[in-house]
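Engineer: Residues per chain are reported as follows:
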Amino acid sequence: MAELTAVVGIGQTKYQAKRLDVSMPGMIREAAERALADANCTWKDIDAVIIGKAPDLFEGVMMPELFLNDAIGGAYKPMLRVHTAGSVGGSTGIVAASMVQSGVHDRVLCVAYEKQSESNATWALSIALPFSLATVAGAGGYFAPLVRGYIRRSGAPEDTGIRVAVKDRQNALRNPLAHLHLEDISFDLVANSPMLWDPIRYLETCPSSDGACAMVMEKASLASKRSGKVAWIHATEMRSEPTMFSGRDQVMPRATLDNAAALYKKAGITNPRREIDCAEIYVPFSWFEPMWMEGMLISERNEGWKMTYEGATAIDGDFPVNMSGGVLSSNPIGASGLIRFAEAARQVRGLAEKHQVDGAKKALGHAYGGGSQYFSTWIVSSEKP
Amino acid sequence: MRDVAVVGFTQSPSMRSEPDRNEVEILIPVIDALRKQTGLTSADMDFICSGSSDYLAGSSFAFVSGLDAVGAWPPVCESHVEMDGAWALYEAWVKIQMGYADTALVYGFGKPSMGDLPITMALQLDPYSVMPLWPDTLSIAGLQARHCLEKGILTFEQMAAAAARDRGHAKGNPNAQVKGDFTVEGILAEPFLANPLRKSDCAPISDGASAIVLAAGDRARELSKRPAWIRGIEHICEPMDLGVRDLGRSRSTEMAAAKAGVGKGKIDVAELSAPFTHQEILVERALGLGPDTKVNPSGGALAGNPLMAVGLSRIGECATRIWSGEADRAVAHATSGPCLQQNLVCVLEGE
Amino acid sequence: MSDANEAANEPIAVIRTPISLDYHYSAGQSASRFLRAIAQGKLLGQKCPVDGRVYFPSRGACPQHGVTFGDEVVELSDKGTVVTFSIVRVPSENIPLELPYITINVLLDGADTILIHVLDAKLEDVRMGMRVQAVWKPKEEWTTSTANILYFRPIDEPDASYDSYKEHI
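Protein chains in written order, with our numbering: chain A, 10 to 394; chain B, 3 to 353; chain C, 2 to 170.
Please note that a few of the clues may not be correct.
[What the hints assert, rightly or not] Taking lysine-lysine and the DSSO-like style, the derived pairs with C-alpha atoms no more than 30 Å apart in a straight line are: (1) C:K167 with C:K140; (2) A:K53 with B:K38; (3) A:K234 with B:K261; (4) B:K173 with B:K261; (5) B:K266 with B:K201; (6) C:K167 with A:K315; (7) A:K315 with A:K53; (8) B:K173 with A:K53; (9) A:K228 with B:K201; (10) C:K123 with B:K38; (11) B:K268 with A:K228.
If you're looking for bench data, these hints aren't it; they were derived computationally from the structure.
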């Protein structure tokens, strides 16, 4: 039986286009130090370090965790490096949690990061291999046809994506760490922004950010003694499926549906829409909010867009989504999943400041990656299970 | 802690270059053979974890195509480390400990022949101050060997003897790449490749893959007549900077060995993945191995070095010797990073 | 003197370290058969030995079942149906096409998987279900690459029904 585990410290950098004032080690150390301070711990109190980031080609360093490890107190400790495509931040959180849940360690530190200013992600994602014609322009080029498939299936109004983009950027104005602070965000501003990968507009896409996110997790016997608020991990789950096979449903992959069902079962949730107070969902292109509302079994099939349309996913709605501003407002790729997990924990600790959902007790953190094929999720709560 | 055992192991032959097969095609027969060996399919695996490197493949998300070899349908609980498969095994072992899984498939694969490996590996080094000098793997390892020789920590003869022993053992291993009757005198007569390292001091460059099945408790007993129980497993990472480490010993291996309980009993067999002879000697000493331990009966990394799988294969080579009764207690070692920066130690026992 | 001091105080924010690595890429045994055929102007689908589904282009193995394709191949038509599409207006240094261009997920007649390619059509005409056909490079330029097909163009056939291709979105 797994040891009950809690998030006891969270640290994030400010997310921005270029962090020229710090190196990669400096940037991840900044997040790690903040997490330790939040957990009232020192480097010595950490048993193991888990590092996550997206492909090595992004920064041009092979297995960068090897040179980064000692910057976050990992010298002469166990260290693991997780890499599961875009879901890697979420997976990093899950691997870190499992180190404590297994009884192997008492307290661990995890850090996920990306320093996109030291790289060119679109280049790294679109390297032309021989024997084929390169036509897919980065992640947007890959996902746009799937978004069109969703619109066709669900009959969603064409402006659903615009509404998501406006809402998330409005939420970002409440979050001082968010990369994008678009004071003049409006429906018209998004609607009139250039169409990049039809049907995805410029302001419906995520930015490219530098930044790191860190968390300290510890076992219940330690966490229970704390006077400060902690986030109890009720369940974690992950699922993967192949990128392409005949008849694969790329819009609503079985991996997301299986993942959601297994997660809720573990967490004892029977009605996710009612029992979960808020969610941070990996939405790199605005349309993925309604898609993953369905994929996470929060809405009925083909009706996820109604939640956006009716304002259910707004910060004052009945199921707030992406209170922090989400991936649409900050996107250090490798960290983006862990930021979702961290925001869920901040909410149930009641420490989300101006983007706090009143009375949030149970929250969902979510990440996905690859060709909508890797999913990692967790449920955290202010209460023990 | 739950009892967890290695109950299945398969590997591809180590080859200097797989000219025709891509990484998935190298991996498919390995996974397929494991299915036949254990009778388990992907659907029977509660957890799957793999180790591979994008820079070996020269493109992002190389591990995604690895999933094609598994037949990940219906969707699987799966994770990946950008590390040798031995660390993927560690993650799977943790998942079994927490009760998330009773069975796990672990695999590692790499095709370093696609690129110029010694140069590619320079990208592991500090990108701001070291990597721009493009020091290759042999030069970095050579610095360590020189340090050990000058300090009197080891001798050329000891290094040559390690190579001769491993390549001699490898004669009995159909998957080994470099094998034969080498002598200390013959090796010492070789010219230097990167002074003080000779060709025989260096592991070959190998393409290859390997895979393991782990199972817990009674499930392991169902699947194997004599499961290879993991009695201790630990890994430790040192700082990368060569200037802050004692290059004359492998402190992280010593720490991992103590935690894994290597010294608690006699070790019959040790399988080491140190890619240079001087490093193999340092690891042997760090593990505290004596004359009653047979070191590298398969030939170890010096006889076949499929990066990202070589450490995992060491665990598998130990397990097969426990299954057969040839060994009662064995220790496997995996390494990563320049000059033995990060090391994993795994103790296996028969019942 | 003061200039030197100023330079010394200037923070070093960025250093450039150009990285260039060469790789020898193998298509693999299974995909090689498909590539040799396309060099002859033939579109060969490979059958999954488990469920008989026809894969084009070949990835070398059936990802659903984890098996390599056997010897059974199927020659496909160069006509197909647009399953879904996007109009791309973002430049990418790896892609030598003029903006905007249309990418399509096209289901070739006889195939059970989609091919991602480009469509030469008026932007306002492209739609899901549209029937299209490959336009090939001159024969003397054919190589072992799906780039032998320059692009697809619309053909004068009625649109395919949504039900006929919806499984492939």
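Engineer: Would you mind marking each hint as holding or not holding in the structure?
Structural biologist: Each hint, compared with the structure:
Distance hint between K167 (chain C) and K140 (chain C) is unfulfilled; the C-alpha atoms sit about 34 Å from each other, more than 30 Å. For the hint pairing K53 (chain A) with K38 (chain B), the CA-to-CA distance comes to about 47 Å; that exceeds 30 Å, so the pair is violated. In summary, the hint linking K234 (chain A) to K261 (chain B) is supported, as the alpha carbons are separated by about 28 Å, within the 30 Å threshold. Straight-line distance between C-alpha atoms of K173 (chain B) and K261 (chain B) comes to about 33 Å, which puts the hinted pair past the 30 Å bound.
For the given pair, K266 (chain B) sits about 36 Å from K201 (chain B) by alpha-carbon distance, which is inconsistent with the 30 Å threshold. A distance of roughly 23 Å separates the Cα atoms of K167 (chain C) and K315 (chain A); the hinted pair therefore holds under the 30 Å criterion. A hinted pair counts as satisfied when its Cα atoms are at most 30 Å apart, and K315 (chain A) with K53 (chain A) does not qualify at roughly 49 Å. For a cut-off of 30 Å, the pair hint linking K173 (chain B) to K53 (chain A) is broken: about 47 Å separates their Cα positions.
Distance hint between K228 (chain A) and K201 (chain B) is unfulfilled; the C-alpha atoms sit about 50 Å from each other, more than 30 Å. For the hint linking K123 (chain C) to K38 (chain B), the alpha-carbon distance of about 54 Å lies beyond 30 Å, and the restraint is violated. Simply put, K268 (chain B) and K228 (chain A) have alpha-carbon atoms about 35 Å apart, too far for the 30 Å limit, and the pair is violated.
The structure shown violates the earlier hints numbered 1, 2, 4, 5, 7, 8, 9, 10, 11.
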